[in-house]
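Asks: The hints should help you fit chain B onto chain A, whose structure is shown.
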Amino acid sequence: MNIFIPLLAGLLIGYLLRKKGRRVKVDLPMSAALLFLIFFMGVEAGKVRINAFWLLVSSIVFAALTIAGSVGIALLMGGRR
Amino acid sequence: MRFLVYVLSSLLAGIALGHFYSPQFGNLYEVMLYLLIFIIGIELGQNFRLKEIRKLGGLAVKLPFGTLLGSILGGLLASLILGIELRWGLAVAAGCGWYSLTGPLIAQYSAVYGTLGFLANLTREIFTVLVYPVAIKRIRRELAVSMGGATTMDTTLPIMTKFGGSDVALIAFVHGFVLTAVVPFVVPFILQF
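Chains as they are written, first to last, in my numbering: chain A, 102 to 182; chain B, 14 to 206.
Please keep in mind that the hints were generated in silico from the structure rather than gathered at the bench. Remember, predicted model here, so these are calculated numbers, not experimental data. Each hint should be verified, as a subset may be incorrect.
Per the computed footprint, the stretches of chain B lying under chain A, defined by three or more beta-carbons under 8 angstroms from a beta-carbon of chain A, are [said to hold, decoys possible]:
no.: 1; region: 18-24
no.: 2; region: 153-166
Which chain A residues face chain B? A few, computed with CB under 10 angstroms, are given here [what the hints assert, rightly or not]:
no.: 3; residue: I104
no.: 4; residue: I106
no.: 5; residue: A110
no.: 6; residue: L112
no.: 7; residue: L117
no.: 8; residue: L118
no.: 9; residue: I139
no.: 10; residue: F140
no.: 11; residue: M142
no.: 12; residue: G147
no.: 13; residue: K148
no.: 14; residue: S159
no.: 15; residue: A165
no.: 16; residue: G179
Below 30 angstroms or equal to it, Euclidean Cα-Cα: the simulated DSS-like pairs (lysine-lysine) are [stated by the list, open to error]:
no.: 17; chain 1: B; residue 1: K64; chain 2: A; residue 2: K126
no.: 18; chain 1: B; residue 1: K64; chain 2: B; residue 2: K75
no.: 19; chain 1: B; residue 1: K175; chain 2: B; residue 2: K64
no.: 20; chain 1: B; residue 1: K75; chain 2: A; residue 2: K120
no.: 21; chain 1: B; residue 1: K75; chain 2: B; residue 2: K150
no.: 22; chain 1: B; residue 1: K175; chain 2: B; residue 2: K150
no.: 23; chain 1: A; residue 1: K120; chain 2: B; residue 2: K175
no.: 24; chain 1: B; residue 1: K64; chain 2: A; residue 2: K121
no.: 25; chain 1: B; residue 1: K175; chain 2: B; residue 2: K75
no.: 26; chain 1: A; residue 1: K126; chain 2: B; residue 2: K150
Cβ atoms here follow ideal geometry from the backbone N, Cα and C, with glycine treated the same way.
So that you can see chain A by itself, here it is in the shape it has in the complex:
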């Protein structure tokens, strides 16, 4: 199934609920779904051999460079204000 289908369905339902003046609290189901999802993701990751050192270094490199890229573009935008 395409990921956009549940996303757009949720957006539409949320919008309709707002228009009707009703509000559904989604914190608890979202947290539960998230924890199950991460658990299953861990199960799948545990089945394959992963080089933990490569994963650690790659995570740090990605985090550092994505932050640097975002701040760099923000500085370019802020400078032109």
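Replies: Chain B in isolation, oriented as in the chain A frame:
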């Protein structure tokens, strides 16, 4: 903070179970992913108001898109340095710190890169908490918000409010809010290539 402990515990428990027992859960993973995406959609549908974002002015609208662009450029560089295929590297970077969404979305295609997507974005969130208070001594407080990506509307908002002030809090919230609306479309889009 307590939820972060639950998240890491879930991940570690799953890895241990998968490593030692290799259980088969059928398509439960996909069902949970679609359920989570559906719930995120409801939350966005209930809260997203374009008019309120426009009121804040130009920077509040432009900054999130600059953050996304910069993040993707950073991901491009990281992919080239680490020798990772661009499809995975750009998807990891486009997550903009939203580890709980990016990891599972990528894991649909690759468990290894899904785990990288999860950990790289979690690391971005942790770096933001550690670096923001120091960075604002050299960078304008509202521009430094960009380092937090999509997390600036929730998990990193307290640190930005505490060190940046209440005027930064509003920009940080809108910044995170816009990215939260955009990232669920951008990451799957990149993964389709």
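Asks: All hints, please: hold or fail.
Replies: So, going through the hints one by one against the coordinates:
no., hint, result
1, 18-24, "holds (count 4)"
2, 153-166, "holds (count 8)"
3, I104, "holds (5 angstroms)"
4, I106, "holds (8 angstroms)"
5, A110, "holds (6 angstroms)"
6, L112, "holds (4 angstroms)"
7, L117, "holds (8 angstroms)"
8, L118, "holds (6 angstroms)"
9, I139, "holds (4 angstroms)"
10, F140, "holds (4 angstroms)"
11, M142, "holds (5 angstroms)"
12, G147, "holds (2 angstroms)"
13, K148, "holds (5 angstroms)"
14, S159, "holds (5 angstroms)"
15, A165, "holds (7 angstroms)"
16, G179, "holds (4 angstroms)"
17, K64/B with K126/A, "holds (23 angstroms)"
18, K64/B with K75/B, "holds (15 angstroms)"
19, K175/B with K64/B, "holds (27 angstroms)"
20, K75/B with K120/A, "holds (28 angstroms)"
21, K75/B with K150/B, "holds (23 angstroms)"
22, K175/B with K150/B, "holds (14 angstroms)"
23, K120/A with K175/B, "violated (35 angstroms)"
24, K64/B with K121/A, "holds (19 angstroms)"
25, K175/B with K75/B, "holds (24 angstroms)"
26, K126/A with K150/B, "violated (39 angstroms)"
Checked against the numbered hints given earlier, this structure breaks hints 23, 26; the rest are met.
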